[in-house]
Structure formats: C-alpha cells, structure tokens
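With these hints in hand, go ahead and build the complete structure from the sequences.
Protein chains in written order, with the working numbering: chain A, 3 to 274; chain B, 3 to 274.
The hints are simulated quantities; they were obtained by calculation from the structure and are not laboratory data. Please note that the accuracy of each hint is not assured.
Unchecked claim - Mimicking DSSO-like on lysine-lysine, the simulated pairs with C-alpha atoms at most 30 angstroms apart in a straight line are: (1) A:Lys-87 - B:Lys-87; (2) A:Lys-65 - A:Lys-87; (3) A:Lys-144 - B:Lys-87.
Unchecked claim - Per label pair, the in silico range of CB-to-CB distance: (4) B:Leu-139 - A:Asn-46: 29 to 35 angstroms; (5) A:Phe-129 - B:Gly-216: 46 to 52 angstroms; (6) B:Ser-115 - A:Pro-118: 48 to 54 angstroms; (7) B:Val-106 - A:Gly-56: 33 to 39 angstroms.
Even glycine gets a Cβ: it sits at the ideal position worked out from N, Cα and C.
There are 2 protein chains.
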Amino acid sequence: MLNLFWADEAGLPANDRGLAYGDGLFETIRMEGRQGVLLSRHINRLVRDAARLGITVSGSELKSVCARAADRLSGGGDGAGWILKLTLTRGGGGRGYRPDSAMVPNLMVSGTSPPPQTDPAGVVADFSRVPLTVNPLFAGIKSLNRLEQVMAARELDDRLFEVIMSNSAGHLVEGTRTNLLVKVRDRWVTPPGASLAVAGIMREWVLERLRERGEHVEERPLTTDDILGPDCRGLFLLNSVLGVVPVRTLADHDLPVETGLATIFNPFELLE
Amino acid sequence: MLNLFWADEAGLPANDRGLAYGDGLFETIRMEGRQGVLLSRHINRLVRDAARLGITVSGSELKSVCARAADRLSGGGDGAGWILKLTLTRGGGGRGYRPDSAMVPNLMVSGTSPPPQTDPAGVVADFSRVPLTVNPLFAGIKSLNRLEQVMAARELDDRLFEVIMSNSAGHLVEGTRTNLLVKVRDRWVTPPGASLAVAGIMREWVLERLRERGEHVEERPLTTDDILGPDCRGLFLLNSVLGVVPVRTLADHDLPVETGLATIFNPFELLE
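This is how it looks when you write it as structure tokens:
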C-alpha cells in the first residue's frame, strides 16, 4: 500500500518525511518508450533497500506504477528515450524523527529528458575535495541523504564530467553519480559493496557479465596508484542511465582508453 | 531572495532539492505567542550554516518571515506555546546532484504543537545501535540529511526518551535530537563541536552560561566511563525546544540527578 503522487500534478504533502529528514530512497531508470533498462533490478533494489530502512513496499505494486508511468509519461512513439524517477518516502508525520509504524509510504513519480550522450572517446574527471562518509548501516542504499554528492557535484563544470570521492581511509570509493571500475593489468578492480555510498545497478550488472565471461574481478579498496600507476589499463564510470563511461583524463593525467568494455553494455538489449 | 511556502497551504514543489537530496537545512524554534526562545541565535545559525552549503539567505528576510509566521500561526492569546519550523532548501531543479548557481532557495514555514513536558525527576535513555557518522564538512549543520537520527529514533518507545549514538571511534556523541553534557566531578564535559552531527543552540547557550559563572567546561571526546563511572555527577540532554533534561536511568544504570542545572535554563527569560 502506498500513496501515489505524480510530479506533473503536485509535490509531496508538506509533512512528508522525505523532505524533512531524507527519510526515503529513489531510483532513476532509463526508459525507451514503454520499456525500461534493467527495470526489474531497479524495482528489486528499491524493495530490498526500503526494507533495510523499515519501509515496506511491494514489487508488484511498483511494477504496476511503472506501467502506469509509461502510459502517462513516455510521450511519443516507442523508442523515445526518457528517465523515470521514483521517489519513495516513509510517509508523512511522526513525532519528530521517530516514525509511526502505521505510516503509509508516499511515492512520487516523475519523467524527465535523458542526459546528453557522453563522448565515446572518454570523459574528463578529477578528484573531489569532498570526503565521502558511509554509515555501514546504509552502505549502498540510494537514500535521499545525498548532500555529500551535491557538494561534490558543485565542483563539476561543463568540461569536468565527474569527480571521484575518497573515504577517510584515503581509498577512492565512487563518483558523485557513478561507481568505479578499473582495469589493472588483466584484472578488473572495483571498491567493495560494503564501502559504497550507492551500489549501482549498472555496477552489479557489469560485474556479473565480466564474471560470466571468465574475467578476473576483484572487489577491494581502490588506491590512487591503481589508476595513475603504470599498470592501469583504463578507468570506467558506471551508471544505469549513462552506461559504461571511459575516463580519458583524470586530474590532468591522460589515461589509457579501452573501448571494448562499452560494447558489453548495450542498453537496448536490456529493455524489459 | 527566497520563495516562501506555508505548510498549511501546500508542500514544496515536486522538483525541490530538499526532497530529492536532502539539499537544505532546518530550524525548530520554541515560541511563546509571538516571541521565540533564542530566536536570533536560530536565525544566525541558519544563515551561517546555509552559507557553508553555498545557500545564500539573509537574516533580515528570515526575521521578517518569523514575524509573519507569528501573526499567522501563534493562534490564541500571547503565552501559548508552539513550535515554529523553518525548512530551507537550495531550491528546485538542477542537473541531477549538480546545482545551478542561479537557484532561488525555497523556505517552508510550519507551526506545530509543542512536545509534552519532560519529567523534572529525569528521563530514561539507552545506547543506540545505530552508528553515527559525521562528515567533517557538515559537522554541526542541522541539514535535511537525518536518516541516521530517524533510524536511531526507531529504537525509542514511550518509556525510552532518548538513545545516545556513538561514532566509529567509540565515543558518545549525541542523542537523536539532543546534545550531551556530563558533570564529571567538578567539571562539565561535552563532545567537541567538530565531532557533532548537530551543534545545538541550547548547547551553545548553556556552555556560555556555565563559563560565565566560572564553571570548568571541557570540550573533549566522551566515553561510556565518563557517564557510568563513579565520577559522574549527572548526564543532561540539551535541546532548544525541550531545554535541559536530566537523565535518571541510562541503559538500566541509575544516574545521579542534579536538578540545579535545569534552573539555569528558563525559556521565558530567553524570549525575543
């Protein structure tokens, strides 16, 4: 059971806990007409991570909302790309921070235009000055508490596509909106799930594909030397709306750009 | 310049960044009729901490909003207690996390009834199982990213007034909605400002009053032993709406309750 709101009609009620405390989660899904890229994975993640916060929502109800959203928001003929955003909150009210167990979640649904395509020759990135802190209880959850990512994104400009954030141990963890994957010699390295602010759908999918192909994948802390040292064969940014984005320049260092990986990811094959 | 919204009319627009990312801050102010307890300190904190997030708002504009809020929301005759809440966000829109420098902040204003008075003989508290993580960049800021406090507040029940959260170093930092002050022998101890999730107005005010009276105040990391050890003379929870609240039981341990401190704080003297 949930209260459904369409963003093209109105915002959430004034007492919504998503606004008050960031007490909720969101998903952004790449749509082509009425179909979504890795749609079931997005829905499953939302159900699972909501449960980690004590918010109960059913996958079948979300699925039916996505179908209604496609009717309402996909616009013209099939094949037109757009972004479906689902914002799920614990509901309204409560005594301050303390929620009421009888709360009914609010779901806001919106459709927006897709971001511009990235340059296939690679993008420019830098290191962020904003430290990333991850509460182990919320690791990986795409919650509405994203102030660190906002502050890091203020470092971006039209030339700079992404900044990479480090944790207090000095390990590189993720970009503002992307997970990291590095090829170090013949191995693929990515920071462990438990260290991530957001554990992306595209990361999960690409790691599965790589393992399926028999590639060697290591989930371990990532250092600057992994990327700027002589063994780096490429740095990739993973995002479920943008796909696999190679980085050609990091903090003014040229990186090797291997375009092979981008071909593993073909969004049109992943439509559901 | 800001866009003003009254919560008794409508919520914030669907594209507000407070909901989307917790990209904003809030204040809750204890009002008696048209006057507020430590009102200027609340306004000054909001202006200062908004600036730390790159959100520009003027104190005089906020002051005039508070006066309008008092006209609109204070209800019956003067002397009636209520809570004024100001929720300030960076505004609407942006390209994902990345804000637009031309955004105009949104301010939502609401009035609610005050919480019940606490027992002067002291309240019951426990240790929280939710770890507290504080990004040094946001230390002390009452931002809209409060998911940790929400999850900790789920541990409360009608018997349990507050839970105390610890950081990864194992130091006791603060309650879900209160700062900590402990009397250890003849000294007052409170965790340092740089370690706090929220640096409360009441904490600031009480520390000033204690120092003014020549008391010895130490801002240093707080350990379980400071509170449960033999030298503890009392644990106090500080909150600008609730005042100074003594704890009589912590995790089933009886604590000494010294009621003297509560008399330093008299909200009616602090009205502006």
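Status of each hint after checking the structure:
1. This hinted pair checks out: Lys-87 of chain A and Lys-87 of chain B have alpha carbons roughly 29 angstroms apart, not beyond 30 angstroms.
2. Taking the CA atoms of Lys-65 of chain A and Lys-87 of chain A, the gap is near 13 angstroms; set against the 30 angstroms cutoff, the hint holds.
3. Only pairs whose Cα atoms come within 30 angstroms are accepted, and Lys-144 of chain A paired with Lys-87 of chain B is accepted, the gap being roughly 27 angstroms.
4. Between Leu-139 of chain B and Asn-46 of chain A the Cβ separation comes to about 33 angstroms, which falls inside the hinted range of 29 to 35 angstroms.
5. Take Phe-129 of chain A and Gly-216 of chain B: their Cβ atoms lie about 48 angstroms apart, and the range 46 to 52 angstroms holds.
6. A hinted range of 48 to 54 angstroms for the beta carbons of Ser-115 of chain B and Pro-118 of chain A is consistent with their spacing of about 49 angstroms.
7. For Val-106 of chain B and Gly-56 of chain A, the Cβ-Cβ distance of about 35 angstroms falls inside the hinted range of 33 to 39 angstroms, so the restraint holds.
Violated hints for the displayed structure: none, as all numbered hints are satisfied.
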